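K.L.:
Sequence:
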Amino acid sequence: MTAPTYGKLALQGNRWVLSDIPPHVAIRLKNMFPRIPKTQTKVFDLPATLEMAADLLWMQQRFPFVMSAQDRQALEATKLLFDDDRAASEAIMLPDWQPPARHGFRPGKEAYHYQKQASEMWHRRKGLLLGDDVGLGKTIAALDGLAGSQYLPAAIVVQAHLPSQWVNEFIKPFTYMNAHVIQGTKPYSLPPANLYIFRYSNIAGWTDIFATGMFKAVVFDEIQELRRGTEAEKGKAALVLAQNAALRLGLSASPVYNLGSEMWNILSVIDPEVLGPWEDFVREWCVMASGGKWRVEDPDALGSYLRESGVFLRRLRQGRPINRIPIEVDFDEEIADNAAELAKKLAIKVMNGSFVEAGLAARELDAFARLQTGLAKAKSVAILAQMYLEKGIPIILAGWHRDVYSQWIEQLKKFNPMLYTGSESARQKDRTKNAFINGDTNLMIISLRSGAGLDGLQKRCSTLIVGEMDWSNAVVDPQLIGRIDRPGQKADEITVVFPYVNYGSDPVLMSVNAIKKDQQRGINDPGAVLGPVYTDESRIKLLAQQFLQKRSA
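Residue numbers (our numbering): 83 to 635.
Hints in this document: simulated from the structure, not taken from any laboratory.
Treat the numbers as computed from the prediction; the structure is a model and nothing was measured.
It is possible that part of the hints are untrue.
Simulated restraints on C-beta separations [as the list claims (entries may be wrong)]: (1) Ser-386 <-> Gly-504: 41 to 51 angstroms; (2) Pro-403 <-> Asn-516: 23 to 33 angstroms; (3) Gly-570 <-> Pro-359: 37 to 47 angstroms; (4) Arg-154 <-> Pro-359: 53 to 63 angstroms; (5) Asn-96 <-> Ile-409: 53 to 63 angstroms; (6) Val-369 <-> Gln-143: 37 to 47 angstroms; (7) Arg-513 <-> Ile-475: 54 to 64 angstroms; (8) Arg-513 <-> Pro-129: 15 to 25 angstroms; (9) Glu-251 <-> Pro-182: 21 to 31 angstroms; (10) Leu-162 <-> His-106: 27 to 37 angstroms; (11) Asp-137 <-> Arg-397: 21 to 31 angstroms; (12) Glu-251 <-> Ser-507: 28 to 38 angstroms.
Ideal Cβ positions, reconstructed from N, Cα and C, are used throughout, including at glycine.
Just need the whole structure built from these sequences, with the hints factored in.
P.N.:
Next up, the structure:
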């Protein structure tokens, strides 16, 4: 008796095409492959990837399809490649795995075993997103994959304040490779080098050079910079650079900044086949969120899938306790009263204006509310910082608005505050960093988003005050904490103070960031349960008591 069949399966180019599928099997097919539109009928096509071969062969066992002998052989051979690839990747992550001999690191400076595992996974997959926790040495893992390899010269793309840190703190002391930092957006004759350091702010001008394939490998440091994809010029340039490089590596402990759908833009640079076209991705993984944005419906499932596919590697470290202290502080009622009338007019326009007017007013109201909230609590935040500074405790004070910085600087000028924000040049930022590390100042005012990748502050600071909030605090806070909770920190615990007010934008921001934190947690660490937040207010209460006693004496 001939076994029943349930349609046809054929390999056409780089797609598997299914046709003449009975309705009840089509329903099962769509459930298994959500990227297929629910309304599609008769003919279905899927990408001919290693993973897809494994899934189709599994379905073929339940619902046999009519196939040519050649296509069946191709399907089975691809499934074997999938199994071999999975086994080889799993072997690399075993404790007894022996890394291949590589040269290019200085004696006594070679990468750790877990960093070599990451670089080997990168070489094997060609495209890897390395999401290791802050302080685990993603930079060294990247250099280990490049030193002494056939993938030189390589391009390394970093945030504006990090070229000197890459060169002076990692490339020169750890490796024999030489590096050239790209100057400006206009191409020029490049000197010989192993590594070329670009900034995200200047890669758009080098697109034609990228298209030549000059760079055999590319490393995108703090790859969350590409979360907007080709909407931004740097995203377009990064895509050209990645498409013409044999190896692609993204580094970030926090690749998801807002909603999980940003992961598609990031992985389209690293390995576009993993999540497929945008339309397939949102159909398979996302639901519509407020404001017409796409939110990942099940972040844990996406995070697990990315790990199983081998494109996302993340290891966590057991750091010291983080003492998170939220404190409600007073706000300036005069500032609040003066802002109320303008805020009311903007809110009315948001509710009743035309589409364009409402959109502009909403953005203006958002920016206005966050600025006024920062100004209203600026004095209280400065007093909080002063309590630490008067005891000789070095602190990092994080904020967002120049007007708020100005208030802090005026209130705390006797403590020689120095700025590390988006307005300072790379040279000025280096000067601030060195002054803080060397003890020339105990007060470093940093922008919420300027600290990613910054190293060295842990050498003399274990206290952070987050003086303002923005829409990405769910991701920014771990990045800021990671500047001082990293190897070289001598304190037993990190203290992070969150002064907030029950006014303005703070209550809304705290609520929205809870949603973003869940998106980030699910994708980064699927299945992880949020543990209780450690809070010990005894030390800050002692500081407050001493502060008051000094003034009443």
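K.L.:
Could you run down the list of hints and mark each one as holding or not?
P.N.:
Consistency of the hints with the structure:
no., hint, in the structure
1, Ser-386 <-> Gly-504: 41 to 51 angstroms, "36 angstroms, violated"
2, Pro-403 <-> Asn-516: 23 to 33 angstroms, "29 angstroms, holds"
3, Gly-570 <-> Pro-359: 37 to 47 angstroms, "44 angstroms, holds"
4, Arg-154 <-> Pro-359: 53 to 63 angstroms, "27 angstroms, violated"
5, Asn-96 <-> Ile-409: 53 to 63 angstroms, "57 angstroms, holds"
6, Val-369 <-> Gln-143: 37 to 47 angstroms, "32 angstroms, violated"
7, Arg-513 <-> Ile-475: 54 to 64 angstroms, "22 angstroms, violated"
8, Arg-513 <-> Pro-129: 15 to 25 angstroms, "51 angstroms, violated"
9, Glu-251 <-> Pro-182: 21 to 31 angstroms, "26 angstroms, holds"
10, Leu-162 <-> His-106: 27 to 37 angstroms, "30 angstroms, holds"
11, Asp-137 <-> Arg-397: 21 to 31 angstroms, "28 angstroms, holds"
12, Glu-251 <-> Ser-507: 28 to 38 angstroms, "19 angstroms, violated"
The structure does not agree with the numbered hints 1, 4, 6, 7, 8, 12 stated previously, though it agrees with the rest.
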